[in-house]
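Colleague: Put chain W with the ligands on the given structure of chain F with help from the hints.
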Amino acid sequence: MEHLVKEELTFRDFETDQDVRWCPGCGDYAILKSVQKVMPVIGKEKEDIVFISGIGCSSRFPYYMNTYGFHTIHGRAPAFATGVKLANPNLSVWQVTGDGDALAIGGNHYIHVLRRNIDINILLFNNEIYGLTKGQFSPTSQTGIKTKSSPQGTVDRSFNPGKLALGAEANFFARVIDIDPKRMSEVMIESEKHKGTSLIEILQNCIIFNDKVFANVTAKDVKLDKQLWLKHGEPMIFGADQNKGIILNGLKLEVVTIGENGITEADILVHDAYCEDNTLHNMLISMAIPEFPVAFGIIRQVKGASFDENVWNQIAEEKTNAKFNSVDELMNSGVTWEI
Amino acid sequence: MSKKVEDIDQVVIKFAGDSGDGMQLTGTQFSNTTAFIGNDLATFPDFPAEIRAPQGTVAGVSGFKIQFGSNRVFSPGDEADILIAMNPAALLANIDWIKDRGTIIVDSDNFKIKDFEKAGYKSNPLEDETLAGYNVIEAPITKLTKESVADCEIENKFRSRSKNMFALGIVYWLFSRPLKVTEDYLDVKFGKVPEIAKANKQALKAGYNYALTVELLPSSYKVKAASLPAGKYRSIMGNEATAWGLMAAAERADLNIFLGTYPITPASDILHELSKYKNFNIVTLQAEDEIAGICAAIGASFAGSLAVTSTSGPGLALKGEAIGLAMMTELPIVVIDVQRGGPSTGLPTKTEQSDLLQSVYGRNGESPVIVIAASTPSNCFDFAYMAAKLAVEHMTPVILLSDGFIANGAEPWKIKSTATMPDINPAFAEEGDADWSPYVRSEDKLNRTWAKPGTKGLEHRIGGLEKQAITGNVSYDPNNHEEMVKVRAEKVARVANFIPELEFNGDENADLLVVGWGGTYGGLHTAVSSMLTEEKSIAHAHFNFINPLPKNTAEVFAKFKKIVVCELNNGQFVKLLQSELPQFDYLQYNKIQGLPFSKGQLMQEFNNLIEA
Ligand SMILES: Cc1ncc(C[n+]2csc(CCOP(=O)(O)OP(=O)(O)O)c2C)c(N)n1
Ligand code: SF4
Ligand SMILES: [Mg+2]
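Those protein sequences? They're chains F and W, same order as listed. Position one of the first sequence corresponds to residue 1 (the working numbering), numbered consecutively onward. Position one of the second sequence corresponds to residue 1001 (the working numbering), numbered consecutively onward.
Treat the hints loosely; a few may be bogus.
[To be verified] DSS-like cross-link-like pairs, simulated, lysine-lysine; straight-line CA separation at most 30 Å:
#1 F:K252 <-> F:K226
#2 F:K33 <-> W:K1278
#3 F:K323 <-> W:K1278
#4 F:K33 <-> F:K195
#5 F:K212 <-> F:K231
#6 F:K195 <-> W:K1276
Derived from the structure by calculation, the hints contain no laboratory data. Since we're looking at a predicted model, the values are computed, not measured.
Chain F on its own, in the form it takes in the complex (with noise of 0.2 Å):
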């Protein structure tokens, strides 16, 4: 007896035969790696699934991913993929980008696709630096960084893409390292599940040009005292003796420890990620070193209707009580008149 399986595709398939031409040693490698172990589990045929991309090193992606792909312009990302995916709602769009493509020539593009929801993935790859053009600060390189252009220190502020993101009414986001790749992979499932433009900042080590920028978080030696894994529905504990957790004191969060002034587990908050108000989610995306430990993983996952479903959806409608079911019937109405 015959059966038709359909065929498993497994992350080969997802492999171009382009040299991957990133510098030996830099985070993007583990990122394209997750990315490309991911694609067979996500229920998708290969030919669905499109990769936009803008200008960076990071912007580099599509050319390595088996899938279609649209390496575009600088900063303007969000834009093309918002056109993919309203013409054919059925792809599954994946846009790359870097954290000067999205926030500095795109920041506009940026807030607008959240704002509108659509339904793509938004791998953000944050290395604190321009990669591409050699080295100079970004709209998110702490204040003070000495780069090739800022020689004696930034005077800048920065700002934080998950703020950003939340500002611009995001539903979706989370917050993954490069070098960890199973919860990387974790994440990005539930970013292509989620209905709505689901945002991925990615903390990636640029090794020529930042390097161990975000060490004093990612180091093995202090991980688990600096990062706060997030999950909905559990305490907000961490800490290498898992006795660290997150309060609500007035209106700041707080560490505390369990079993130090009276705290038990019970005090420690619990991870809500559905929650419509964004103002907790706000501050545990702010949270930042040496007070507090950075919050990863799904921070924000809230439902709603997706910008391409309500367009399609009013196509829809419209169809239903067009007056002109053809270009001729349309030029043929209203006032005439015969010669």
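Modeller: Same frame as chain F, now just chain W with the ligands:
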């Protein structure tokens, strides 16, 4: 009591008033009725950039000019036979553009001292010598309008609002037009507020009866129907025609339209029009800016839609980088530039032809694209259709130039049937073609194929980096780059094999060939035709295809002794001709006033050139 009826064959009327007086509506209604009874016509709306410029000032005057007649009409005309001036400012703004002994109808209720002083008159123009030599009709329009709506249950502040309809009624009587087209329009427009519809209709009727009764008007006129080709007609405006041309193309090519755009005068009506017909699978994205508009459209093009972006000069400047990407990735897109007065913000509501060089050359790198230009309100339909066809068959961006003059102008249009339009065959790649590569080209057009996501087996990557011939992989090879630059140029050059040849009107071997392009067709045609009836040695060739030029251009130019290139800019097409066809000498006639050509000025200039 019966009045004299005179036959005439060509009339220019100018409606002018404050921008809140409804002059555009009045003009449009007069045009629709006039088209309906079979006259040929051309219109020219002319309004201030400010939505509500200070009331009663010249800056706030909104005007609408129409020329109509029993012969073919190609332009809205120069000087008006009749001016309807709703206030002193409207009079002042137009007085230099009235024919000697022309008729001026004014709302005499608006000529109080504060009114004429606000407009800039020192004394009342109705009482001093200002209007000597004109046939002035002083009608108390505001007062009579209020009386005519006395029985309507409307708010007091609306009682004088229908004075534009009263004025329209006078003009309808003057030219023996029926009221029905406008009455029907008012019923539909104010269907939800019947008392307002009633007030407007009563004012219209009252104006008509007033003109019939009073002794001020010596006679009414009859303008016989024009001998247009038989068929079914409607009135059409340029931007509307552009939208419909795209819709017809999408229907024939079996593609969905995706318009990504950002509002800008005078292009926004294309967005407004397409947004009405979403039932035809039209997606209109009002993006966050012009760049996002075109980038989303290019994304949709990649995914297999008929991609369109619409803008004016400043927006085209923002779109340059993205047009370069579409050119490089060889994806189809129609980029519509409804030109307005530049540079910078320039004269947003005025017309100009000053984006030609920006369209042809305004991008980084070697970046040729097809550039075509519509030349009348109604042929915006044909050239929008053509732009879509060329884009999806040749796999390249096409810039379609329109301008404020033809975009807002209206004329009667013999309704086309989409079935009579040429076939459109998008260059789609098919599933299952084992030899397929993204940059394999056709032999005749040199186009690559269009492999849309969702097609099994054709997964591929494109982008703005230089690509290897055939495979499309990123390539930095020096010889490959040169080859690719040349092949992209050749691809656009070969479009000349697929477009109509240049024609001309007039005598072969004439002393003077008048060359124009785009929206100046009507003005140039009118002037040249007039001179031809005077047996002047003149001809006119008009360009709709700018890049590439029609194949026979040099052949046509060689027939004539002198060539004058006429443009509403400081000389742009002439620069292109000088570089493409340097073997000819070109004279220039340029007007840069935000206004169309005037027939009188053109004829004088051409006569001088012939005699020189
Ligand atoms: C219009 C335009 N301006 C500037 C550039 C130069 N440029 C390319 S990538 C880039 C910054 C890249 O930084 P980021 O987005 O953080 O990406 P990374 O290389 O760090 O991954 C710049 C300034 C460009 N390609 N196009
Ligand atoms: S410059 Fe930095 S970001 Fe770019 S490839 Fe090298 S290591 Fe990666
Ligand atoms: Mg970066």
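Colleague: Within a Cα-Cα threshold of 30 Å, do F:K195 and W:K1276 meet the stated pairing?
Modeller: 28 Å, holds
Colleague: Are the Cα atoms of F:K212 and F:K231 separated by 30 Å or less?
Modeller: Cα-Cα ~27 Å, so holds.
Colleague: Quick one, are F:K33 and F:K195 close enough, alpha carbons at most 30 Å?
Modeller: 24 Å, holds
Colleague: Below or equal to 30 Å on CA atoms is what counts here, so check F:K323 against W:K1278.
Modeller: Answer holds: F:K323 to W:K1278 is near 11 Å, not above 30 Å.
Colleague: Below or equal to 30 Å on CA atoms is what counts here, so check F:K252 against F:K226.
Modeller: 19 Å, holds
Colleague: Need the status of pair F:K33, W:K1278: alpha-carbon distance at most 30 Å?
Modeller: Distance ~41 Å between F:K33 and W:K1278 Cα, so the pair is violated.
Violated hints amount to a single one, hint 2; each of the other numbered hints is respected by the structure.
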